[in-house]
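The residues making up each chain are set out below.
There are 2 protein chains.
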Amino acid sequence: MAGNNSRILLGHGSGGSLTHELIDNLFVKHFNNPELDKQTDAALLKIPHKQLAFTTDAFVVDPIFFPGGDIGKLAICGTVNDIAVSGAKPLYLSAAFIIEEGFPMEDLERIVISMAEEAKKAGVSIVTGDTKVVNKDKCDKVFITTTGIGALEEKYVNISEGNEIRPGDKILINGSIGDHGMAIMSARNELKLSAPLLSDCASLNGLIANITKASDKVHFMRDATRGGLATVISELSTNRSYGINIDEEQLLIDEAVRGMCELLGFDPMYVANEGKVVVVVAGEDAEIVLKAMQKHEFGEDSRIIGEFVGDHPGKAWLNTIIGGNRIIDMLAGEQLPRIC
Amino acid sequence: MAGNNSRILLGHGSGGSLTHELIDNLFVKHFNNPELDKQTDAALLKIPHKQLAFTTDAFVVDPIFFPGGDIGKLAICGTVNDIAVSGAKPLYLSAAFIIEEGFPMEDLERIVISMAEEAKKAGVSIVTGDTKVVNKDKCDKVFITTTGIGALEEKYVNISEGNEIRPGDKILINGSIGDHGMAIMSARNELKLSAPLLSDCASLNGLIANITKASDKVHFMRDATRGGLATVISELSTNRSYGINIDEEQLLIDEAVRGMCELLGFDPMYVANEGKVVVVVAGEDAEIVLKAMQKHEFGEDSRIIGEFVGDHPGKAWLNTIIGGNRIIDMLAGEQLPRIC
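Protein sequence lines, in the order shown, are assigned to chains Y and X. Numbering of the first sequence is given in our numbering, commencing with residue 900 and proceeding in unit increments. Numbering of the second sequence is given in our numbering, commencing with residue 900 and proceeding in unit increments.
Next up, chain Y with everything else stripped away, as it sits in the complex (with noise of 0.2 Å):
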């Protein structure tokens, strides 16, 4: 590891010697790809796709350990997701880190293995970065911002703002919802559960690769992570000319998730996914889309979850299990801060 240091310290920030040999320890061997071991300020890449897809995120997660994953999967997951929903195939991320005075060694170390597997697993490559250290009690152990470049094809259609959107469209979704949000609230809480509960944090692209080639006719994609589920179908429907039925009985719900929502008072629609899309599919290929998803071993649990409709435009429906409906609508505010 960095030197004989089992505690990141201040000068692990300074751009000196501590610095290069934490970049060298730590970064380079475990990112390990040609154009990080440059160590040049910018990374030089060459991508010969014309159009490209570019996102940012901050992870600020509490804890940073999770069953399921850890704040450095967690950024890859996050980023490379951004990417995939706008059809796009990630290619390269960066990664900056903002580190507490003091932090273990050994705990970014484990993030820092962490990132370069589930990196590995997506196809992708951390190739820049930076590290800052601030003072003890000045932020929280460490958050990660990752940024990521995606490749799009030439024939590619904008799928990301939903224009192409329809009547008769149907919703997919590829599993459970709420198992994130719920994951790190049992282990906030360090709650006793006779069922563990696990953040369904993954990469989506190669789903999202299969859904793509099983239909030219996929109009809409996002991963709903903070705000849930609800928070995608509102954005769909709000200033829309059409409405949409979210048929409640085909929502899978976790049962350790449902009872601890219970417990807590939450709606799990609005709970975080961190390995959830929500596919917009013309309703003659929705079959065709949900067998393709169920191939994969991030959809085997994928369904048909709503459809869009000419009735109450601009507004989303839930029709709920026992007869009723409801309007699914934005949250104002925070559930559960520091999710993501």
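These are calculated hints, taken from the structure and not from any lab test. The beta carbon of each residue, even a glycine, is placed where N, CA and C say it ideally should be. Check each hint, because a few of them may be wrong.
[Said to hold, decoys possible] Cross-link-like lysine-lysine pairs, in silico, DSS-like; alpha carbons within 30 Å at most:
hint: 1; chain 1: X; residue 1: 928; chain 2: Y; residue 2: 949
hint: 2; chain 1: Y; residue 1: 937; chain 2: Y; residue 2: 1054
hint: 3; chain 1: Y; residue 1: 1020; chain 2: Y; residue 2: 1190
hint: 4; chain 1: Y; residue 1: 1214; chain 2: Y; residue 2: 1190
hint: 5; chain 1: X; residue 1: 949; chain 2: X; residue 2: 1020
hint: 6; chain 1: Y; residue 1: 1214; chain 2: Y; residue 2: 1020
hint: 7; chain 1: Y; residue 1: 945; chain 2: X; residue 2: 1116
hint: 8; chain 1: Y; residue 1: 937; chain 2: X; residue 2: 945
hint: 9; chain 1: Y; residue 1: 1214; chain 2: X; residue 2: 928
hint: 10; chain 1: X; residue 1: 1091; chain 2: X; residue 2: 1054
hint: 11; chain 1: X; residue 1: 1019; chain 2: X; residue 2: 937
hint: 12; chain 1: X; residue 1: 1112; chain 2: X; residue 2: 1019
hint: 13; chain 1: X; residue 1: 937; chain 2: Y; residue 2: 1214
hint: 14; chain 1: X; residue 1: 1116; chain 2: X; residue 2: 1194
hint: 15; chain 1: X; residue 1: 1054; chain 2: Y; residue 2: 945
hint: 16; chain 1: X; residue 1: 949; chain 2: Y; residue 2: 928
hint: 17; chain 1: Y; residue 1: 1116; chain 2: X; residue 2: 945
hint: 18; chain 1: X; residue 1: 1054; chain 2: X; residue 2: 1116
hint: 19; chain 1: Y; residue 1: 949; chain 2: Y; residue 2: 1116
hint: 20; chain 1: X; residue 1: 1190; chain 2: Y; residue 2: 945
hint: 21; chain 1: Y; residue 1: 949; chain 2: X; residue 2: 988
hint: 22; chain 1: X; residue 1: 1116; chain 2: X; residue 2: 1190
hint: 23; chain 1: X; residue 1: 1054; chain 2: Y; residue 2: 1054
hint: 24; chain 1: X; residue 1: 1020; chain 2: Y; residue 2: 949
hint: 25; chain 1: Y; residue 1: 988; chain 2: X; residue 2: 949
hint: 26; chain 1: X; residue 1: 1020; chain 2: X; residue 2: 988
hint: 27; chain 1: X; residue 1: 1054; chain 2: Y; residue 2: 949
hint: 28; chain 1: X; residue 1: 1112; chain 2: Y; residue 2: 945
hint: 29; chain 1: Y; residue 1: 1116; chain 2: Y; residue 2: 1214
hint: 30; chain 1: X; residue 1: 937; chain 2: Y; residue 2: 937
hint: 31; chain 1: X; residue 1: 988; chain 2: Y; residue 2: 945
hint: 32; chain 1: Y; residue 1: 949; chain 2: X; residue 2: 1019
hint: 33; chain 1: X; residue 1: 1019; chain 2: X; residue 2: 1194
[Stated by the list, open to error] A few chain Y residues facing chain X, derived, Cβ under 10 Å:
hint: 34; residue: 908
hint: 35; residue: 916
hint: 36; residue: 938
hint: 37; residue: 986
hint: 38; residue: 996
hint: 39; residue: 997
hint: 40; residue: 1032
Use these hints to put chain X onto chain Y, whose structure you have.
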């Protein structure tokens, strides 16, 4: 501004309607460009160039407002400069904010306006971003991570590693050293100085374009930030087959910076700059490049400060005003934490 809230709430980082309000009324309003307006998770960019430069930096400077700039201006300049010194033209930036709950909205707007102004000056667009809010005392006011993409011409020669450097090459810098670090120190300690001490924080891509236009024998460029001029010089000599001589008499140090360094026990060669670029150019083109630099507003005080020599390989010597010489080495630790 963002609704009726005069301070940042946890809800502003929730992904819900408060977040949307903040994005609309602050970021989209001031950063103002078609890519950001779409508010998709990833910005979609058309970049015809096949080679790109990609860089990231986290900014944690304390205090966030200082004479000559603020954390927002710094976040733009720092990333623009890292791209420009690689020989690329900076095009697009992302910005990720980590904000402490309770941070004044007024201060955030001031920072965002400062970023927008500097981006405009530098000719770059802030096309994507993220906002996270952490509970009070879990970060120090605001941290900003900017990541940039720059375009490299096809005929581009890699000047980031200095592989073309040979004895006889001259070393130039575009003015005085140590200004940024000492401006931060004076602001931090609220020192009452007779002459005001300003950070040199500036986007250098215009100056750098002048340099690369003036000569095709530029062999290296690097902005001398954390660790100061000495760290760049030390990196340029370590493990190389040549030596470096720096002429102390040629180093321009502002009187107030010199005084403050003496008072605090700092060596100005190790103090951070945020608007200074170290340029290595073949000896025969040194005067041409010097004149090109001096014509630019950020290069008026440019000078030749040293050269590469066949002697003392692997070592950089400072030839001092009093006639001796001493080795320029890298500092192990931290002179000034949170300088950028």
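Hint by hint, here is what the structure shows:
1. Proximity of residue 928 of chain X to residue 949 of chain Y is assessed by CA-CA distance (about 28 Å); at most 30 Å being required, the pair is judged to hold.
2. At most 30 Å may separate the alpha-carbon atoms for a hinted pair to count; residue 937 of chain Y and residue 1054 of chain Y exceed this at roughly 34 Å.
3. Between residue 1020 of chain Y and residue 1190 of chain Y, the direct Cα distance comes to roughly 23 Å. Compliance with the 30 Å bound is thereby established for this hinted pair.
4. Distance check on the hinted pair: residue 1214 of chain Y and residue 1190 of chain Y sit about 29 Å apart at the alpha-carbon level, within 30 Å; holds.
5. Pair hint residue 949 of chain X plus residue 1020 of chain X holds up; C-alpha atoms about 25 Å apart against a cutoff of 30 Å.
6. Under the criterion of a C-alpha separation no larger than 30 Å, the hint pairing residue 1214 of chain Y with residue 1020 of chain Y is inconsistent with the structure, at around 39 Å.
7. For the hint pairing residue 945 of chain Y with residue 1116 of chain X, the CA-to-CA distance comes to about 23 Å; that is within 30 Å, so the pair holds.
8. For the hint pairing residue 937 of chain Y with residue 945 of chain X, the CA-to-CA distance comes to about 27 Å; that is within 30 Å, so the pair holds.
9. About 27 Å separates the Cα atoms of residue 1214 of chain Y and residue 928 of chain X, which keeps this hinted pair within 30 Å; it holds.
10. Taken as a hint, the residue 1091 of chain X and residue 1054 of chain X pair is broken in the structure, with Cα atoms around 51 Å apart against an allowance of 30 Å.
11. Distance restraint check for residue 1019 of chain X and residue 937 of chain X: the Cα-Cα separation of roughly 19 Å lies within the 30 Å cut-off, and the hinted pair is therefore satisfied.
12. About 22 Å separates the Cα atoms of residue 1112 of chain X and residue 1019 of chain X, which keeps this hinted pair within 30 Å; it holds.
13. With a C-alpha separation of about 21 Å, the suggested pair residue 937 of chain X and residue 1214 of chain Y falls inside the 30 Å cut-off, and the hint holds.
14. At roughly 19 Å between alpha-carbon atoms, residue 1116 of chain X and residue 1194 of chain X fall within 30 Å of each other, so this suggested pair holds.
15. The hinted pair formed by residue 1054 of chain X and residue 945 of chain Y meets the criterion: a straight-line CA distance of about 13 Å does not exceed 30 Å.
16. As the CA atoms of residue 949 of chain X and residue 928 of chain Y are separated by approximately 28 Å, the hinted pair is consistent with the 30 Å bound.
17. Taking the CA atoms of residue 1116 of chain Y and residue 945 of chain X, the gap is near 23 Å; set against the 30 Å cutoff, the hint holds.
18. With a C-alpha separation of about 13 Å, the suggested pairing of residue 1054 of chain X with residue 1116 of chain X holds against the 30 Å cut-off.
19. A threshold of 30 Å between alpha carbons decides the hint, and for residue 949 of chain Y with residue 1116 of chain Y the separation of about 23 Å falls inside it, so the pair holds.
20. Among the hinted pairs, residue 1190 of chain X with residue 945 of chain Y is inconsistent with the structure: their alpha-carbon atoms are about 34 Å apart, more than 30 Å.
21. Proximity of residue 949 of chain Y to residue 988 of chain X is assessed by CA-CA distance (about 16 Å); at most 30 Å being required, the pair is judged to hold.
22. Under the criterion of a C-alpha separation no larger than 30 Å, the hint pairing residue 1116 of chain X with residue 1190 of chain X is consistent with the structure, at around 15 Å.
23. For the suggested pair residue 1054 of chain X and residue 1054 of chain Y, the alpha carbons sit about 28 Å apart, so the restraint of at most 30 Å is met.
24. For the suggested pair residue 1020 of chain X and residue 949 of chain Y, the alpha carbons sit about 26 Å apart, so the restraint of at most 30 Å is met.
25. Of the supplied pair hints, the one linking residue 988 of chain Y and residue 949 of chain X holds, its CA atoms being roughly 16 Å apart against a limit of 30 Å.
26. The suggested pairing of residue 1020 of chain X with residue 988 of chain X holds, with an alpha-carbon distance near 14 Å, which does not exceed 30 Å.
27. For the hint linking residue 1054 of chain X to residue 949 of chain Y, the alpha-carbon distance of about 18 Å falls within 30 Å, and the restraint holds.
28. This hinted pair checks out: residue 1112 of chain X and residue 945 of chain Y have alpha carbons roughly 23 Å apart, not beyond 30 Å.
29. Straight-line distance between C-alpha atoms of residue 1116 of chain Y and residue 1214 of chain Y comes to about 23 Å, which keeps the hinted pair within the 30 Å bound.
30. For the given pair, residue 937 of chain X sits about 35 Å from residue 937 of chain Y by alpha-carbon distance, which is inconsistent with the 30 Å threshold.
31. Of the pairs offered as hints, the one joining residue 988 of chain X and residue 945 of chain Y holds, with about 15 Å between alpha carbons and a cut-off of 30 Å not exceeded.
32. Among the hinted pairs, residue 949 of chain Y with residue 1019 of chain X is consistent with the structure: their alpha-carbon atoms are about 24 Å apart, no more than 30 Å.
33. Between residue 1019 of chain X and residue 1194 of chain X the CA atoms are separated by roughly 21 Å; this keeps the pair inside 30 Å, and the hint holds.
34. At its closest, the beta carbon of residue 908 of chain Y sits 7 Å from a beta carbon of chain X; the interface hint therefore holds under the 10 Å criterion.
35. With 10 Å as the threshold, the beta carbon of residue 916 of chain Y comes within range of chain X, its nearest partner Cβ sitting at about 5 Å, so the hint holds.
36. With a least beta-carbon distance of about 9 Å to chain X, the hint placing residue 938 of chain Y at the interface is held under the 10 Å criterion.
37. Against a cut-off of 10 Å between C-beta atoms, the interface hint on residue 986 of chain Y holds, since the closest Cβ of chain X lies about 9 Å away.
38. With its C-beta approaching chain X no nearer than about 7 Å, residue 996 of chain Y sits inside the 10 Å limit, and its interface hint holds.
39. The interface hint given for residue 997 of chain Y holds, since its Cβ lies 5 Å from the closest Cβ of chain X, which is under the 10 Å cut-off.
40. Because the smallest distance between the Cβ of residue 1032 of chain Y and any Cβ of chain X comes to about 7 Å, under 10 Å, the interface hint for this residue holds.
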